[in-house]
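Participant: One letter stands for each residue in the lines below.
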Amino acid sequence: EAEVAQSPRYKITEKSQAVAFWCDPISGHATLYWYRQILGQGPELLVQFQDESVVDDSQLPKDRFSAERLKGVDSTLKIQPAELGDSAMYLCASSRLAGGTGELFFGEGSRLTVL
Amino acid sequence: DAKTTQPNSMESNEEEPVHLPCNHSTISGTDYIHWYRQLPSQGPEYVIHGLTSNVNNRMASLAIAEDRKSSTLILHRATLRDAAVYYCILRDPGYALNFGKGTSLLVTP
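Protein chains in written order, with this note's numbering: chain A, 975 to 1089; chain B, 153 to 261.
Because the hints were derived from the structure by calculation, they are not lab data.
Note that this is a predicted model, so its numbers are computed, not measured.
Heads up, some of the hints might be wrong.
Unchecked claim - Here are the simulated BS3-like cross-link-like pairs (lysine-lysine), alpha carbons at most 30 Å apart as the crow flies:
| id | chain 1 | residue 1 | chain 2 | residue 2 |
| --- | --- | --- | --- | --- |
| 1 | A | 1052 | A | 1036 |
| 2 | B | 221 | A | 1036 |
| 3 | B | 253 | B | 155 |
| 4 | A | 985 | A | 1052 |
| 5 | A | 1036 | A | 989 |
| 6 | A | 1036 | A | 985 |
| 7 | A | 1052 | B | 221 |
| 8 | B | 221 | B | 155 |
| 9 | A | 985 | B | 221 |
| 10 | A | 985 | B | 253 |
| 11 | B | 253 | A | 989 |
| 12 | A | 989 | A | 1052 |
| 13 | B | 253 | B | 221 |
| 14 | A | 985 | A | 1045 |
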């Protein structure tokens, strides 16, 4: 069964360092999402892509976060510089349809700890 | 965004049915009701969704009130593997899912 792949699974970094997360969605899925989940809370949308275009990045802290999906397939989420409050699980999800009510498929996430 | 209200936690005995409630009094006509669940240390997974009519699939059933201001996710026979956080989400087609805090379901043997 196809899955959303994410790496790294775990990342420990020091404050002010740069960190990057990678996501490979299910083949053929046009829509890709990055979510952040702080312990004890539900996931919060950071950015939504439709193919290579950003659809919604209103919740992305653009002073330190950036996201790209250059060829409309895999995607990278970068944080520079990392802050203590960025410690969280970063989840990637994809869906087949651009609109509609299509199911979102989530990866296992990348857990970030900032020291 | 229309919001949902769910109990913080619920407890069930194994092999018993579980009814997880969700209130969404400000739901709009285009909002679909989605349920996802998140097992420990995993990403969320889709459970079921509906618009107006009750829905059934292999995982669960979704009962939607006639006025659509509330819904109930029904797990017909809880197992230990059903212990998870269950999220009730209103979704306008084409938009992303906006998660709340969900209901943490504890299943005891």
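Participant: Any hints from earlier that this structure breaks? Give me their numbers in increasing order, please.
Facilitator: 2, 7 and 9
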